[in-house]
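Asker: So the sequence shown is numbered by our numbering: it starts at -3 and just counts up by one.
To be clear, the hints were calculated from the coordinates, so they are not data collected in a lab. No residue lacks a Cβ here, since even glycine has one placed at the ideal position from N, Cα and C. Among these hints, one or two may not hold up.
[Said to hold, decoys possible] Dumping the calculated PhoX-like pairs for lysine-lysine here, alpha-carbon to alpha-carbon at most 20 Å:
(1) K254 x K189
(2) K1 x K56
(3) K56 x K92
(4) K189 x K159
(5) K254 x K324
(6) K250 x K189
[Claimed, not checked] Distance ranges between label pairs, derived from CB positions:
(7) E253 x E282: 16 to 26 Å
(8) A15 x E118: 41 to 51 Å
(9) S158 x M321: 12 to 22 Å
(10) S197 x A86: 42 to 52 Å
(11) Q151 x Y58: 36 to 46 Å
(12) E49 x M321: 29 to 39 Å
(13) Y298 x S134: 38 to 48 Å
(14) Y258 x H207: 39 to 49 Å
(15) C44 x L149: 37 to 47 Å
(16) V309 x D52: 17 to 27 Å
(17) G119 x F329: 24 to 34 Å
(18) D301 x S197: 43 to 53 Å
(19) P82 x K159: 38 to 48 Å
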Amino acid sequence: MEAEKEYRFNASQLEEGLASLVELGITRLIVAEEAITGSKDSLLRFVCRAQEEAPDIFYKFYLNSSVIDGQVCQELSQLYCSLQLPLTAADVAGKKAFSRKIDFLNRSGLVFGFDLDFAQEEGDSARLFRDRLNFALSLYPNHLDFSCLEQELPQPTKTFSSKDIGLAADKAYACGLFYSAGRAVPWFLSVLKPLRISPDSFFADFAEWLHCNNLGRLSGAKIGAKTETGIGDAMYQLSHQEIEQMQLLFLQLKYQEKGLEYLLPVVQELVRFNGAFARLVGEDQESELELAFHPEDLSSPYSQDVQAFAENVCMEQCRVRLCWMQDKEGNNFPDWQFI
């Protein structure tokens, strides 16, 4: 297989040469130039040109939340793209305004993730990192990236001790594995709710579980799958199915600890059903599943409340195939069918 080639362009080269990118064989483009992403007008100008001249390329935009509004999201939703945004202590302090910006993304169906770091800004602390992590996950990002884990960890400060930096790194690693590489966004908060613990506490426990099983941050394990969009491929290399098995094992442990075993059939079906869909979209991998609940129930709004689902939805044993279907116009879409 021919090795992938990497090209670098400045802002003016990109804007003037979008149409030539396809001729170069470029299929993915990272757009991080401030001259393009730094203002709403420059971003819209670039996105409109991309729609016209190179609509089949996958774009990953690094931008600040300040440029996000309904018009920007409407135009971006016409592109095959994902967005990467920083999330800082200032964003948590102004969480109402930041949440409104992210709501535009969620309502537009855009794929987005956050960059989170720790012990980098003056005055940062373990408590502030905890608040950022909990706030970030409340906004349903597709993934979280922690650049600190890809280099040497930060030096301790007056407000962030070396012990706390190590614990923060362990939680970040656990989150990157369970949530991002595990593609848990459709069900994570729903499954967490009955446990009555915060995401921060959940990932602290998962980090300890990984350590006990020699799979932690310092074990040298490489975990996670590379997808077509490049999401979740920063530092992991195991398959998504292997990660899913880890998710199921750990969730079983947590639900048993809380005496919630009766909810496990719902939790397990949500993880398995959504995981199979993620692999269909991400790796074009079809699946056959034995399910205890009807697929329409598992994909309905009822599944957002695990407790109510378990109490009100009847079990219905069935076997389904998750595969690509075609609409009347010949467009492919992921769906399921009984077998």
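Asker: Are the hints correct? Go through all of them and say.
Answerer: So, going through the hints one by one against the coordinates:
1. K254 x K189: holds, 12 Å
2. K1 x K56: Distance ~17 Å between K1 and K56 Cα, so the pair holds.
3. K56 x K92: Violated - the C-alpha atoms of K92 and K56 are around 26 Å apart, more than 20 Å.
4. K189 x K159: violated, 29 Å
5. K254 x K324: Outside the cut-off at roughly 48 Å; violated.
6. K250 x K189: Status holds; Cα separation ~12 Å.
7. E253 x E282: 16 to 26 Å: violated, 35 Å
8. A15 x E118: 41 to 51 Å: Cβ of A15 to Cβ of E118: about 45 Å, so the range 41 to 51 Å holds.
9. S158 x M321: 12 to 22 Å: For S158 and M321 the Cβ distance comes to about 53 Å; the hint is violated.
10. S197 x A86: 42 to 52 Å: violated, 24 Å
11. Q151 x Y58: 36 to 46 Å: violated, 26 Å
12. E49 x M321: 29 to 39 Å: holds, 30 Å
13. Y298 x S134: 38 to 48 Å: The hinted range 38 to 48 Å is violated for Y298 and S134, with Cβ atoms some 21 Å apart.
14. Y258 x H207: 39 to 49 Å: Check failed, 30 Å falls outside 39 to 49 Å.
15. C44 x L149: 37 to 47 Å: holds, 42 Å
16. V309 x D52: 17 to 27 Å: Hint violated: Cβ distance 41 Å, outside 17 to 27 Å.
17. G119 x F329: 24 to 34 Å: violated, 48 Å
18. D301 x S197: 43 to 53 Å: violated, 21 Å
19. P82 x K159: 38 to 48 Å: Violated: the Cβ-Cβ distance is about 26 Å, outside 38 to 48 Å.
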